[in-house]
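A.B. asks: Protein sequences appear in the order of chains P and E. Taking UniProt numbering as reference, the numbering of the first sequence is continuous, increasing by one, and the terminal residue is 421. Taking UniProt numbering as reference, the numbering of the second sequence is continuous, increasing by one, and the terminal residue is 421.
Honestly, the hints are just simulated from the structure, not real lab data. This structure is a prediction, so every number in the text was calculated from the model and none was measured. Keep in mind that the hints are not guaranteed to be accurate.
For chains that are exact copies, the list does not tell them apart, and a pair is met inside one copy or across any two.
No farther apart than 20 Å at their CA atoms in a straight line, the calculated lysine to aspartate or glutamate pairs in the DMTMM-like style are these [said to hold, decoys possible]:
1) Lys240 x Glu390
2) Lys279 x Glu315
3) Lys94 x Asp255
4) Lys240 x Glu417
5) Lys268 x Asp33
6) Lys94 x Asp377
7) Lys399 x Glu410
Number of protein chains: 2
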Amino acid sequence: MKIERVTGRLSLRRTIETGTEEQRRAVQNIIHDVRTHGDTALKMYTEKFDQVTLDSLLVSESEIEAAYKEISAEMLAILREAAANIRDYHERQKRESWMTTKEDGTILGQKITPLDAVGLYVPGGTAAYPSSVLMNVIPAQVAGVKRIVIVSPPNKQGTLPAGVLVAAHELGVKEIYKVGGAQAIAALAYGTETIQPVDKIFGPGNIYVALAKREVFGQVAIDMIAGPSEIVVLADETAKANEIAADLLSQAEHDERASSILVTPSMKLAIEVANEVQKQLETLPRKAIAAASIAQYGAIYVTDTLEEAIAVVNELAPEHLEIMASEPMHLLGQIRHAGAIFLGRFSSEPVGDYFAGPNHVLPTNGTARFSSGLSVDEFVKKSSIILYSEQALQEHGAKIAAFARLEGLEAHARAVEERFK
Amino acid sequence: MKIERVTGRLSLRRTIETGTEEQRRAVQNIIHDVRTHGDTALKMYTEKFDQVTLDSLLVSESEIEAAYKEISAEMLAILREAAANIRDYHERQKRESWMTTKEDGTILGQKITPLDAVGLYVPGGTAAYPSSVLMNVIPAQVAGVKRIVIVSPPNKQGTLPAGVLVAAHELGVKEIYKVGGAQAIAALAYGTETIQPVDKIFGPGNIYVALAKREVFGQVAIDMIAGPSEIVVLADETAKANEIAADLLSQAEHDERASSILVTPSMKLAIEVANEVQKQLETLPRKAIAAASIAQYGAIYVTDTLEEAIAVVNELAPEHLEIMASEPMHLLGQIRHAGAIFLGRFSSEPVGDYFAGPNHVLPTNGTARFSSGLSVDEFVKKSSIILYSEQALQEHGAKIAAFARLEGLEAHARAVEERFK
Numbered sequence: 001m002k003i004e005r006v007t008g009r010l011s012l013r014r015t016i017e018t019g020t021e022e023q024r025r026a027v028q029n030i031i032h033d034v035r036t037h038g039d040t041a042l043k044m045y046t047e048k049f050d051q052v053t054l055d056s057l058l059v060s061e062s063e064i065e066a067a068y069k070e071i072s073a074e075m076l077a078i079l080r081e082a083a084a085n086i087r088d089y090h091e092r093q094k095r096e097s098w099m100t101t102k103e104d105g106t107i108l109g110q111k112i113t114p115l116d117a118v119g120l121y122v123p124g125g126t127a128a129y130p131s132s133v134l135m136n137v138i139p140a141q142v143a144g145v146k147r148i149v150i151v152s153p154p155n156k157q158g159t160l161p162a163g164v165l166v167a168a169h170e171l172g173v174k175e176i177y178k179v180g181g182a183q184a185i186a187a188l189a190y191g192t193e194t195i196q197p198v199d200k201i202f203g204p205g206n207i208y209v210a211l212a213k214r215e216v217f218g219q220v221a222i223d224m225i226a227g228p229s230e231i232v233v234l235a236d237e238t239a240k241a242n243e244i245a246a247d248l249l250s251q252a253e254h255d256e257r258a259s260s261i262l263v264t265p266s267m268k269l270a271i272e273v274a275n276e277v278q279k280q281l282e283t284l285p286r287k288a289i290a291a292a293s294i295a296q297y298g299a300i301y302v303t304d305t306l307e308e309a310i311a312v313v314n315e316l317a318p319e320h321l322e323i324m325a326s327e328p329m330h331l332l333g334q335i336r337h338a339g340a341i342f343l344g345r346f347s348s349e350p351v352g353d354y355f356a357g358p359n360h361v362l363p364t365n366g367t368a369r370f371s372s373g374l375s376v377d378e379f380v381k382k383s384s385i386i387l388y389s390e391q392a393l394q395e396h397g398a399k400i401a402a403f404a405r406l407e408g409l410e411a412h413a414r415a416v417e418e419r420f421k
Numbered sequence: 001m002k003i004e005r006v007t008g009r010l011s012l013r014r015t016i017e018t019g020t021e022e023q024r025r026a027v028q029n030i031i032h033d034v035r036t037h038g039d040t041a042l043k044m045y046t047e048k049f050d051q052v053t054l055d056s057l058l059v060s061e062s063e064i065e066a067a068y069k070e071i072s073a074e075m076l077a078i079l080r081e082a083a084a085n086i087r088d089y090h091e092r093q094k095r096e097s098w099m100t101t102k103e104d105g106t107i108l109g110q111k112i113t114p115l116d117a118v119g120l121y122v123p124g125g126t127a128a129y130p131s132s133v134l135m136n137v138i139p140a141q142v143a144g145v146k147r148i149v150i151v152s153p154p155n156k157q158g159t160l161p162a163g164v165l166v167a168a169h170e171l172g173v174k175e176i177y178k179v180g181g182a183q184a185i186a187a188l189a190y191g192t193e194t195i196q197p198v199d200k201i202f203g204p205g206n207i208y209v210a211l212a213k214r215e216v217f218g219q220v221a222i223d224m225i226a227g228p229s230e231i232v233v234l235a236d237e238t239a240k241a242n243e244i245a246a247d248l249l250s251q252a253e254h255d256e257r258a259s260s261i262l263v264t265p266s267m268k269l270a271i272e273v274a275n276e277v278q279k280q281l282e283t284l285p286r287k288a289i290a291a292a293s294i295a296q297y298g299a300i301y302v303t304d305t306l307e308e309a310i311a312v313v314n315e316l317a318p319e320h321l322e323i324m325a326s327e328p329m330h331l332l333g334q335i336r337h338a339g340a341i342f343l344g345r346f347s348s349e350p351v352g353d354y355f356a357g358p359n360h361v362l363p364t365n366g367t368a369r370f371s372s373g374l375s376v377d378e379f380v381k382k383s384s385i386i387l388y389s390e391q392a393l394q395e396h397g398a399k400i401a402a403f404a405r406l407e408g409l410e411a412h413a414r415a416v417e418e419r420f421k
């Protein structure tokens, strides 16, 4: 793992992946076909891309039953405990509608209303994670969303991974459709005979899924364009190299493009971590992926001071930040950009991926500068409420009319004045 | 104004404007040029599109002084009172970071951090509204954003409207740049010699601005793709036709594509409103725009019952909803989709545009189904906080490792186990 001395501030803001012109056009064509031909197009593309012919897109009860047979009782209990923790955390994010009243009769407020219907994209293959089902569905339920739809590309046997089905069923999700790719996003946005459209689409996917989400954005809402995952560990000389290395590798095993970075003022620690990464890498089942990730996107930045290390962290704006320092809590206030912050040596990042409660859907690729992890907020909308009394309008009407006229909007001014004719 | 009897539910979800292939390419070229040539490209495009040659992009102090001379003392006082109301409302939206602790030492929480830098696009020409400056800048300031940048296309005299400059200066905004169009969006997203990049871009604009925002989305965050404005009035037979007509016209004068709709179970009211609209239209300075808007996008829907009228309103998911009924508050709970809700006859929509306090930047084009008006929330991000104690990890570590292994992520499991080696 390469070690680099950093003195000034780093500027590592990466560029977003917008796909090739060819990919964009392919996605536009798929969306067009789904809008025109509905289910027929979905099944056609499923044959083409997933190499399986489906009678029904909807997951059946017998598929759910079969999935349960693959999951141990112990694992089911863990899933349930994780779900309870996630629900507990997200309940705390929930906000109430509020109102404020004035003596002149004015009422102002904000009404919180859940979305009617949301769709969750669950990627296929090795990236089909039951934990993602928990992390996306539970905040929707806490928010009060009534209709929750899951779409995911079927495997060659024409079904979905057992863990995904069990997690969805545990949460009471009824609509699970075996369709993936841009065609699934098109179906969620525009609807087909089988799949009614939703209002917002969540979940990560490959470049085609990302481009399709970008394409339908506006017709429906989307959560974010997820990029490869990243971890930054901010450590001082008190941290343990073996633990840091293990955490860096847990990120690296996700994806060759995942990024694992240590920032520390300690050259001694830097060298130890580099050695530990090499050592632990050897026995990993996903060694090839992790090694490629570390080689290409891994880095150890050594700064002169802890202050400088913090500045580097803020430049990186990591998805996951671990602070392994003697007083991690004392540094919290200086962290301006991070999706999730893990404090101290027992807060290994996987704790947050599965179990602790906060969401693991987090802003990647430096977007923690301006965006947040998934939360209940993304499943509600706010409507402002304005009630003016006769007295209030009498007192302020002339000012409102004057402001409207400043902007050249005479009909706005007259609308107010019409009340007192 | 056309009157239509509606019996079933309406489905009026409109399609988003995604521009022509030619417009998309033009925008991509402009962005590329700004990224490559910086200020030179900005000035070149300003000459091309705004027909003015600028020495400096930054608005000077003497321009601000000149602007103040154009605004009356009375108008300045109104601006200040409006700003105070807007600030007061948005202060109530502000959220605090929170934490929860468990007896095993676990701390979970959510840290709220303001964005570092935001950019506000203020459209040019007749759509350059000082009220938009207030509505975008104040929530940013309440959130604690330190750097706020305004961009707006210069007029032929090479400056900006007095109202915009005074509003910006009143709020203490220092960086105001005379640049508009896709080139301004590119500058905000990628930066030039003069304009440092921001993290999120707010504000409406023409199709080129909208396409540019869509294009840079991911590199920076964007607020929303704004469409033409709309109002829906939900009224029963107790409402006054002249007031409804005036409010419909206040929307219609904005834009030929603006949409003004009355939904009522009263045919008598429907006919009266249609007549009133015709009458009031005659004397409006922006008669041509309002008439075109009413003819193309105006409608009066008559339902059998008030319940049905409410269902139609929810289908329309209007940006602005006025409820003019005998008991407007009683209907509030049934409104599922609306950007802002104005209750009773003295809550004319312009009250919210300028003065009451809630934001006037609202979801248009039916997007109130899934999105909200601008609020303090859009200027902060949330970081989740996880601190696990040794005791907590000892108790739950094996479960976390088991979950990781279910997902085939061995390095995740080992990261947890590494703590207890």
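A.B. asks: Next, verify each hint and record whether it holds.
C.D. replies: Hint by hint, here is what the structure shows:
| no. | hint | result |
| --- | --- | --- |
| 1 | Lys240 x Glu390 | between (68 Å within a copy, 15 Å between copies) |
| 2 | Lys279 x Glu315 | neither (29 Å within a copy, 60 Å between copies) |
| 3 | Lys94 x Asp255 | neither (33 Å within a copy, 38 Å between copies) |
| 4 | Lys240 x Glu417 | between (72 Å within a copy, 14 Å between copies) |
| 5 | Lys268 x Asp33 | neither (58 Å within a copy, 46 Å between copies) |
| 6 | Lys94 x Asp377 | both (7 Å within a copy, 14 Å between copies) |
| 7 | Lys399 x Glu410 | within (13 Å within a copy, 66 Å between copies) |
Violated hints, in rising order: 2, 3, 5; the structure is consistent with all others.
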